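*Asks:* Below, each chain spelled out in residue letters.
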Amino acid sequence: MQDVENIVNGQKLFLKPEYQEVFKNKKQFESNTGSTNPEKVIEIAKWTTTWEYREKNLAREHITINPAKACQPLGAVMAALGFENTMPYVHGSHGCVAYFRSYFTRHFKEPTPCVSDSMSESAAVFGGLSNMKEGLRNCKALYKPDMIAVSTTCMAEVIGDDLNAFVIGARKDAEGELDNTPIPAAHTPSFVGSHITGYDNMMNAILQELNMVEEGVEAPKDAERINIIPGFESYLGSLKEVKKIASMFSDKIVMIGDHEDQWNTPAGEYKLFAGGTPLSVAKTARGAGTTISLQKYSTQATAKTIKGEWKQNYVTCNPIGLGGTDEFVMKLSELTGKPVPAELTKLRGQLVDAMQDSYPYMHGKKFAIWGDPDFLLGVVSFLVEMGAIPVHVLCHNAPRKNWEKEMQAILDKCTFKEECHIWAGKDLWHLRSLLFTEPVDFMIGNVYGKELYRDTKIPLIRIGFPIFDRHHLHRYSISGYEGALNLLTWITNSVLDALDEETKEIAKTDYFFDCVR
Amino acid sequence: MTTETLLSQHEAVIAEVLEAYPEKAKKSREKHLGVDTPEGVKGACDATKSNKQTVPGVMSQRGCAYAGSKGVVWGPIKDMIHISHGPIGCGQYSRAGRRNYYIGTTGVDTYVTMNFSTDYNEKDIVFGGDKKLKAALAEIDALFPLNNGISIQSECPIGLIGDDIQAVAKGYKKESGKPTVAVSCEGFRGVSQSLGHHIANDMIRDEVLPDNSYKKDFESTPYDVAIIGDYNIGGDAWSSRILLEEMGLRVIAQWSGDATYKELTIAPKAKINLLHCYRSMNYVVRHMEQEFGVPWMEYNFFGPSKTTESLRKIAAFFDESIQAKTEAVIAKYTAMTDAVVAKYRPKLEGKTVMLYVGGLRPRHVIGAYEDLGMKIIGTGYEFGHGDDYKRTKDELNSTTLIYDDTNEYELEQFVKRLKPDLVASGVKEKYVFQKMGLPFRQMHSWDYSGPYHGYDAFAIFAKDMDLALNSPVWAHTKAPWESN
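Chains as they are written, first to last, in our numbering: chain A, 1 to 517; chain B, 1 to 484.
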């Protein structure tokens, strides 16, 4: 029973003997093998760690287990929230939207605005036009957005709703209420690609909608202007740092799709929307001299529009790690015609200094890492820069073209390259087998690595998306020189924490429990 | 303030909030909002429309049928594997978020926090995915030999593209000899997660309860009961079970938090089914009553007053020996909960609360707050039906705003006008109200604490509410140089 002087929650309550008795007693009614034949569980658990199991597991084709990806509309919601006063609007069931909102909110610990038009059975039969007509008007009336960014769910895609015609129809019927509200619409079927594809499709739709020009008319040009598209970036600090670096070169560099403030609003007052790229800025994106995408594989359709339709100079950079940031900085220098500012050179020097201080702890350490394609290209190159060994690089949503080649080129620079493997299209249950058969010292990944940590005891360094069980990491940068310093700090100190764990045994290993490392 | 003034004030608030809607939406929404009082006869609890289509274009807090089936009813059954059948998203967003606690070796004999998905791609949509599903079932059995059955939880496209998952499940069950249950809980069905609960219940009725393999050798006692509609969030069912066992009953099944397949099949052997979440499992207890003659009884284990009342109600169904033991249990724990009340009530007395949750909580938790001297001034259901609202009426002790399927806009407006001291709702709402400097507790996940069911759990509940309301952090919201 609870001791009122020391009330404990479930964590410790259930350790009390009376509850342990409850658990024991329950077993007689249970059918899980742990209750009927515990030895068998030990046997099978052991079997799941073998090479035999690994081969069976890697041969799996039809069932995905513990994925490391999500579906398109999630990314579409992020893209939409990168624009000022923009409501993400999902044409489909409200269940999807409840999931997207919870998912982002659990990660950022912030509210996530997004509406749906609550399609149900009747919409499945008759199509979702009436939902769209009513939904857009209600959305505008209640939340007063300046733009409504429509994406779709698999339901709307399967029944084949004609999105553009629906938007036009809804506008016509709205008695003028939607007249001055841009309503970009993107097809974001959940059964194609992943959340980064949805980001791309929504970004593309928004830029197209806001930058339409009549045939034969030239969009006003500003050759000095540079657009930066961040991609599906879950590190708000990265957005901030990229903007800071850009501002050192020119005040004509703008971020297109800047969701930094939306998920970082101060206490005191609740506002539905915060920050975001002003629509006036987004509307002139076409006239810029260059667009830089920081996530090549999250912006492939967008790239086609910029290169093909806008005939604009389009480049990709990946400012994660030292080399990636150097390239980004040099690209900005080249595009603006300005030398790299002394301040950046100093920041770079400080980062390199820190890398040289800490390298012995990362050098030769084996890592498993998973995440989105561009995230991996960046963080893996940093691991290689530090002399670490990325043994398992797993990308569940790996793009079919070029990504593996690009990753291989990075791994080729690794001193221990023959130990490194790329696992494209594999999930985290595959990774479990890989970790048991070819173990590593550390894992880098999102919250879903938690169960891998429990099962394999390999420490998890939380870098990625989503992270639900640690707070405030998303506020930091992983991009730029300061972002690389954060990566260095987190990884090095995790190595040192593990070293302390391993050496803390009194009178046995604690001679190595050093106060100075 | 008199009931009449409060009543008219609340009604004025509703009228104001409705003003923002276009005509059609306003007409629809006004039927879902109202005021009720303990005295009134035809208040909002009788009149409120519920279980209707959500108005399109608003930030509804509702989920879908898949969420109701996979997320609520089936997902917690620990020794079965539940496939999220369709595209990748649904399974990922609903993975391990509900805190359905269980004991087991995850990935070996139990699987609750894992995500199994058929990860549909375009080809599966165009050509159908039945073959893929069949192959997926075989792969699961090869890699997880200790699973005691597989359920297939349909996502939206399945029903739309005409896949015949029932046939696949039937065929596979025959081949493998293992329970294989196809649940057509596509997200577009119905208006909320509620229909998903119903569909899930129906599949348990059709595919699980007829299985007599465990019933055959089951040795009954006169004191066998089943806990139905407890999802063991944060361990709720465990802190409930202990009380029933101490009063001399034998809990033979727990549905479906920490449940095993066997417990699902033997529940009809209970002398009575004890139903906590009426909304999500009333269908199957009604069926067990009709088919197996098992009576059922609703109970409420939130807060000592309701727990004691419920224990006595349950005991009354059994003989005097049970009743005597029950009194002893009540006496034993009441000493503790009295001390909890003495400790926390002075710090919480008179504080007002607005609730917006789902299932049973919009009414069941009222008593627990009142045990702490707190007052509910507004409550509503995400996916309740008329019978939920009728049951709510009995719990009201003051003039209460009633809002059905309320959305983010309305809730924000109601809170701004009614100014409760605490808002108790879900994760999507949490940070909205915290930003306003309002204490908030998540009442779906117990805000990562709990359990909240039973006497021991009340101590945690009280401690958590004190933590939320009396934390120094709320006082920092305004900067010293800002005027009030």
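No wet-lab data here; the hints were simulated from the structure. All values reported here derive from a predicted model rather than from experimental measurement. Glycine included, every Cβ here is placed at the ideal spot set by N, Cα and C. Do not take every clue at face value.
[Claimed, not checked] Pairs of lysine-lysine, DSSO-like flavour, derived with a Cα cap of 27 Å:
#	chain 1	residue 1	chain 2	residue 2
1	A	Lys109	B	Lys351
2	B	Lys134	A	Lys109
3	B	Lys26	A	Lys271
4	A	Lys144	B	Lys325
5	A	Lys56	B	Lys123
6	B	Lys313	B	Lys325
[Unchecked claim] Counterexamples of contact, computed for chain A against chain B with all Cβ distances above 12 Å:
#	residue
7	Trp47
8	Lys144
9	Trp403
*Asks:* Now tell me if each hint is right for this structure.
*Replies:* Cross-check of the supplied hints:
no. : hint                : in the structure
1   : Lys109/A - Lys351/B : holds (26 Å)
2   : Lys134/B - Lys109/A : violated (40 Å)
3   : Lys26/B - Lys271/A  : holds (23 Å)
4   : Lys144/A - Lys325/B : violated (61 Å)
5   : Lys56/A - Lys123/B  : holds (25 Å)
6   : Lys313/B - Lys325/B : holds (13 Å)
7   : Trp47               : violated (9 Å)
8   : Lys144              : violated (9 Å)
9   : Trp403              : holds (18 Å)
Of the numbered hints listed earlier, those contradicted by the structure are 2, 4, 7 and 8.
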